[in-house]
Amino acid sequence: MPIEDYRAAATTISDFLKLLTTTGGLRLKYRITAGEGAADPDGLEAREIYVEIAGPDAGLVTQRNGELLRALEHVAAKMVRLEPEEHDRISFDSGNFKAMRAREMKMAADAAAERVRRSGAPYSFQPMSSRERRMLHLAFRQFDDLETESSGEGLRRFVVVYRKGDKHVPPAAAPSFQRGGRGGRDSRGGGRGPGRRNDRRGGGRGDRRGPGGPRR
Amino acid sequence: MTHDEKLDAAEELMTKIARALVDHPDEVLVEAVEGDEGDDTTVLEMRVAPDDVGKVIGKQGRTVRSMRTILAAVGQGHHLRYELDVVEDEDDENDEEDTDGTTVGGSESTTAG
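Chain order of the listed sequences is A and B. Numbered per numbering that gives the first Met the number 0, the first sequence spans residues 0 to 215. Numbered per numbering that gives the first Met the number 0, the second sequence spans residues 0 to 112.
Quick caveat, the hints were computed from the structure, so don't treat them as lab data. Some clues are possibly wrong.
[Stated by the list, open to error] Listed next, the in silico BS3-like pairs over lysine-lysine satisfying Cα-Cα at most 27 Å (straight line):
| no. | chain 1 | residue 1 | chain 2 | residue 2 |
| --- | --- | --- | --- | --- |
| 1 | B | Lys-15 | B | Lys-58 |
| 2 | A | Lys-166 | A | Lys-105 |
| 3 | A | Lys-28 | B | Lys-15 |
| 4 | B | Lys-54 | A | Lys-17 |
| 5 | A | Lys-105 | B | Lys-54 |
| 6 | A | Lys-17 | A | Lys-105 |
| 7 | B | Lys-15 | B | Lys-54 |
| 8 | B | Lys-54 | A | Lys-163 |
| 9 | B | Lys-15 | B | Lys-5 |
| 10 | B | Lys-5 | A | Lys-163 |
| 11 | A | Lys-28 | A | Lys-17 |
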């Protein structure tokens, strides 16, 4: 379903956020932009509705690698009845969190490119969200000698970098993409559910190798 | 805000979010069930129309996980710990969308935290 009516979508999102600030008691301010004004100047996001979050509780939104930011984005996209492949049309951000993540991603891409060229072996990033994987794929387009693909299922899906033509080589386990230092703590609030709730858990630092064997 | 007011607010919040996600908003019911004495966790039991269960859970449990994340943030403000369970009626065991082991209904017994 295309976003045919930005106004209706913006109203739905605004009602959602109002609910969070009134009933939910979260002290947030927000600005919703729809249509051309929402476009990402860096071209990294295909967004058509842009929601900027500020206010005293904005820190909650970006903690744990932006977990709440992604949760709000997802629920908002569902409320607007976007199909999964259309979710990128709605983007939430707070304090330039995503732009900073994009920059980190770019640096990680450059480092990985260097490494694959040097070693010739494929390089696997840590699992990340579909939006972040997309940013990585885009970042690698600048390198003619390398290509990327996503591997793994669901929350464990991650990007693998190959030398061009090497795609038949199984990816080596090298979970070396380290998240930024901000808000990386893993203390959980409420919620239940067996394991795997945090898709960033268990990552190695820097160059540390994973427990071995190709990740599938 | 009294304790009961907090629980009422959490119930209302989850009810309204779920109503905006489903096809049958009138059939959304969220009820807070407090734990035993000394247990600071409150379970919010969410019931929706049988054909809306997949909508509130989402592919690989992503939607219910997102609602839990939102609830956890609200719980931080309340200084309370909330859990969200989507409860399915026994005669409707439709868990096809629940592929990553996220809660569907009362069959699950693990408690995180």
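Hints, one by one, checked against the model:
1. Simply put, Lys-15 of chain B and Lys-58 of chain B have alpha-carbon atoms about 21 Å apart, close enough for the 27 Å limit, and the pair holds.
2. Taking the CA atoms of Lys-166 of chain A and Lys-105 of chain A, the gap is about 22 Å. The hint holds against a cut of 27 Å.
3. At roughly 20 Å between alpha-carbon atoms, Lys-28 of chain A and Lys-15 of chain B fall within 27 Å of each other, so this suggested pair holds.
4. Among the hinted pairs, Lys-54 of chain B with Lys-17 of chain A is consistent with the structure: their alpha-carbon atoms are about 22 Å apart, no more than 27 Å.
5. Proposed proximity of Lys-105 of chain A and Lys-54 of chain B is contradicted: the alpha carbons are some 35 Å apart, above 27 Å.
6. Between Lys-17 of chain A and Lys-105 of chain A the CA atoms are separated by roughly 35 Å; this puts the pair beyond 27 Å, and the hint is violated.
7. Proposed proximity of Lys-15 of chain B and Lys-54 of chain B is supported: the alpha carbons are some 14 Å apart, at most 27 Å.
8. Taking the CA atoms of Lys-54 of chain B and Lys-163 of chain A, the gap is near 40 Å; set against the 27 Å cutoff, the hint is violated.
9. Note on Lys-15 of chain B and Lys-5 of chain B: the hinted pairing holds, with a Cα-Cα distance of about 15 Å set against a maximum of 27 Å.
10. The suggested pairing of Lys-5 of chain B with Lys-163 of chain A is violated, with an alpha-carbon distance near 57 Å, which exceeds 27 Å.
11. For the suggested pair Lys-28 of chain A and Lys-17 of chain A, the alpha carbons sit about 9 Å apart, so the restraint of at most 27 Å is met.
Violated hints, listed in ascending order, are 5, 6, 8 and 10; each of the other numbered hints is respected by the structure.
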